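Novice: Read off the chains here:
2 protein chains.
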Amino acid sequence: MKTIDNPYLPLTPEIAARIMDAVGKDACITDPRKLESFSQDASEFRCTPDLVVEAVSADQVQALLRLANEYRFPVVPRGAGTGLTGGALPFWGGVVLSLARMNRILSIDRENLIAVVQPGVINMDLKRAAQNVGLYYPPDPASLDTCSLGGNAATNAAGPSCVKYGTTRDYVLGLEAVLPSGEKIKAGVQTRKGVVGYDLAHLLVGSEGTLCVITELTLKLIPNPPAIMTLVALFPRLAEAMRAVTAILGRGHIPCAMEFMDRRCLELVGDYMPFDGVQESGAFLLVEVDGVPEVIQREIEIIGEICLEFEAVNVLLAPDSHKRAQMWAVRKEVSLRIEHHFPLYIPEDIVVPMGRIAEFVEGLPRFEELYGMKIYSFGHAGDGNIHLNITGESRDIARRVEEGIADILQRVLAMGGTISGEHGIGMAKNRFLHMELSKESIRIQREIKKVFDPAMILNPGKIF
Amino acid sequence: MKTIDNPYLPLTPEIAARIMDAVGKDACITDPRKLESFSQDASEFRCTPDLVVEAVSADQVQALLRLANEYRFPVVPRGAGTGLTGGALPFWGGVVLSLARMNRILSIDRENLIAVVQPGVINMDLKRAAQNVGLYYPPDPASLDTCSLGGNAATNAAGPSCVKYGTTRDYVLGLEAVLPSGEKIKAGVQTRKGVVGYDLAHLLVGSEGTLCVITELTLKLIPNPPAIMTLVALFPRLAEAMRAVTAILGRGHIPCAMEFMDRRCLELVGDYMPFDGVQESGAFLLVEVDGVPEVIQREIEIIGEICLEFEAVNVLLAPDSHKRAQMWAVRKEVSLRIEHHFPLYIPEDIVVPMGRIAEFVEGLPRFEELYGMKIYSFGHAGDGNIHLNITGESRDIARRVEEGIADILQRVLAMGGTISGEHGIGMAKNRFLHMELSKESIRIQREIKKVFDPAMILNPGKIF
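Residue numbers (the working numbering), protein chains in the order written: chain A, 1 to 464; chain B, 1001 to 1464.
Honestly, the hints are just simulated from the structure, not real lab data. On a predicted model such as this, the values are computed, not experimentally measured, just so you know. Backbone N, C-alpha and C fix where the C-beta goes; we use that ideal spot for every residue, glycine too. It is possible that some hints are incorrect.
Take a look, some chain A residues computed to stay more than 12 Å from chain B by CB distance [to be verified]:
| no. | residue |
| --- | --- |
| 1 | Glu-44 |
| 2 | Asp-199 |
| 3 | Leu-344 |
| 4 | Glu-393 |
Keeping only pairs whose Cα atoms sit at most 20 Å apart, straight-line, the calculated PhoX-like set for lysine-lysine is [unchecked claim]:
| no. | chain 1 | residue 1 | chain 2 | residue 2 |
| --- | --- | --- | --- | --- |
| 5 | B | Lys-1184 | A | Lys-439 |
| 6 | B | Lys-1332 | B | Lys-1127 |
| 7 | A | Lys-332 | A | Lys-127 |
| 8 | A | Lys-439 | B | Lys-1450 |
Using the sequences plus the hints, can you model the full thing?
Specialist: Listed below in structure tokens is the structure:
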């Protein structure tokens, strides 16, 4: 990857000593074996930091960034390290700034339906704490048991519930952040609304740790839906499943999840599913609705009828909670299974207009043939976000597969889609950025980066 | 207002001629009587432009902005002129760029639930067109019959439905805009999700026409809720009404409107309401729920019971559609009635955490006494957004009232609120900006403005 020389000087012992002085020795990791564990995320990239700072306060973050400006070394913020694009890895070396220890839920305000959290809080921990007082924090990336809210905000993470509830950005009301200069700012509000000045808070969300280090988040909570119901339907082909999805939405239902898997995925994981006929069918659709029990009972039945109307061969209505958990586990593990099956594995995360999912997926065999790869598709049918799991029988065809990916992304864009729905750019997709964004858009974004980070010390080598 | 000299040179006949050449003579207005109608919005400000361009295409917008850079004259984008802060008025003179004629709905895509519109489309026209195909566009500013979607996006407008459906920003998926340089860019996506690069689209939303001229919007639509039901409750005091609001949300209901009026407002408009006891009560609460008829019938009953539990003295359940329309008309006209009653009228638009609405409103008499003003409060109980209608018996006390407003805004901020929930800053509140935003935040925002508009020709004198 590193084809040009590192523009940053090495982190000398003198600088390391200054950092230890500034943030405290206890907060610093220099042991090479321990540094290793900060050299990877959930992508294939590996970059070892020269030093790790585990912050417990915004003061330490400020002190570190001031030094980074003085000596011009890279600082790379890191949440729980569950990202899929290398966004939290030190591409040019330098210091990894872990926020994992800033993991306190500072308050949950039942009257105003907000939570104030530190960035290292695990997504699931907030979900549980909110549920304990009858509230709900919807964003649900697949890694919700282990990913941090700061990382979720940095990447604008989302998951199955997006179709009804939106992405992390929709739940960040305000935040406290340390800018690359070391200055601390508050952006956004603590209320449901606010239009004072430019929307810095939502610019910082999704900026992948390149514009600021988030040190506190004020998050919107909503009333906890009292019940949830599930339906699973098997279809002969994906086209029928997607027509059912369009009909479900078109007739006024807004499920809180509509997940699909293609035939390839079903071949791989079908036998782990708690019911029959999965491996032989062409597409799998999981639909969930949440709300008041009496209502959603009727609603899930109606959705089942819609599936049958669109030629579902098997509809399983409201499985027990054990079966439900099992299905979600299978759905969530499918990418791991694919990864373990193939020497070459590249996860893509494209979005197409949802009405074109079937057309897009049915066009994939042409790319498989052309570029010698095998593609497994699953994802969020309700918002058009498809996780393309691109695989090869050998790492030798990596270059050819790379060309194939560029070709597929071109097709995505021609269909009115986007090259990343949830994972972000990081260092995995920056070479494709120009395919989606115009020169002028990239120019403006680089200029914005310079406004925040004139010395280019925060997470360099990412996005652009 | 204009205490410093106009930093822009006058629009000479030579420049006017160049503009006419560039955008076409038919698109230009120079007749002083016609210019008058572009000199005001719904605020008290008046600023007459030197020339008006009524664009019908993005090309004209580009041509005009290129000339503005060449000759350095101000260009002020204008939608339907319904703003409340003077945001669309030419503070320093120059050219008003009206987008009102770019008023075509370009497409409504039923399968993908999106609409593509020009900026001059009236909010209500999109609502109707969407409803005709079973879809729904939720944002509902009070002026929805006359305000334009471009203006809605520029100010991130919202209305009663925000409590359930959010603000305009939540419905802008992507946009096409002309930058002050004259370059055209696309920002955002056409899909439900997208995390490629910085979120320019949502930075441009709410930037009050200071960063770009929006020439096309791609908007998210949702399934049209099949039914809506209304409830009206009268309470002895606002505190009880607000406790009912908290309980309604806390028990898992998400109404699509929760509007309140205080005692003062009821004295003024109570006799127009289609039921008894309004003028004698201390607070009025209107709650609406939308969804499937059988469900919301039961839900509205439960909400009625909650209101009674919190000491409502009168609950009117599900009035007929005529009465419903009448109540909304009264609710929407209340600010006009207040305005006509008093020589001095200043609408404020603050937000406090919703659990503190009652405490805040009950603290207002102290300010009335101190500063000799009379305050009418109504607004959105479900998101804490209160429209404070500040009045005086004479314009002579304007300065004292101004001090009173600053004092009230200080209180709002101390409570964790914001000084504007929907209306924006424009030229009405820029002198208060520093109360809410830190120096560093304002500095960053000014730098971002410079990135987009180095010659400072787009809507100068606003926000900052």
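Novice: Would you mind marking each hint as holding or not holding in the structure?
Specialist: Hint by hint, here is what the structure shows:
1. Glu-44: 20 Å, holds
2. Asp-199: 5 Å, violated
3. Leu-344: 24 Å, holds
4. Glu-393: Consistent with the label, A/Glu-393 stays out of reach of chain B, its closest Cβ about 30 Å off (over 12 Å).
5. B/Lys-1184 <-> A/Lys-439: 11 Å, holds
6. B/Lys-1332 <-> B/Lys-1127: Status holds; Cα separation ~18 Å.
7. A/Lys-332 <-> A/Lys-127: Holds - the C-alpha atoms of A/Lys-127 and A/Lys-332 are around 18 Å apart, at most 20 Å.
8. A/Lys-439 <-> B/Lys-1450: Judged against 20 Å, a Cα distance of about 18 Å means the pair holds.
Of the hints listed earlier, the one the structure fails to meet is number 2.
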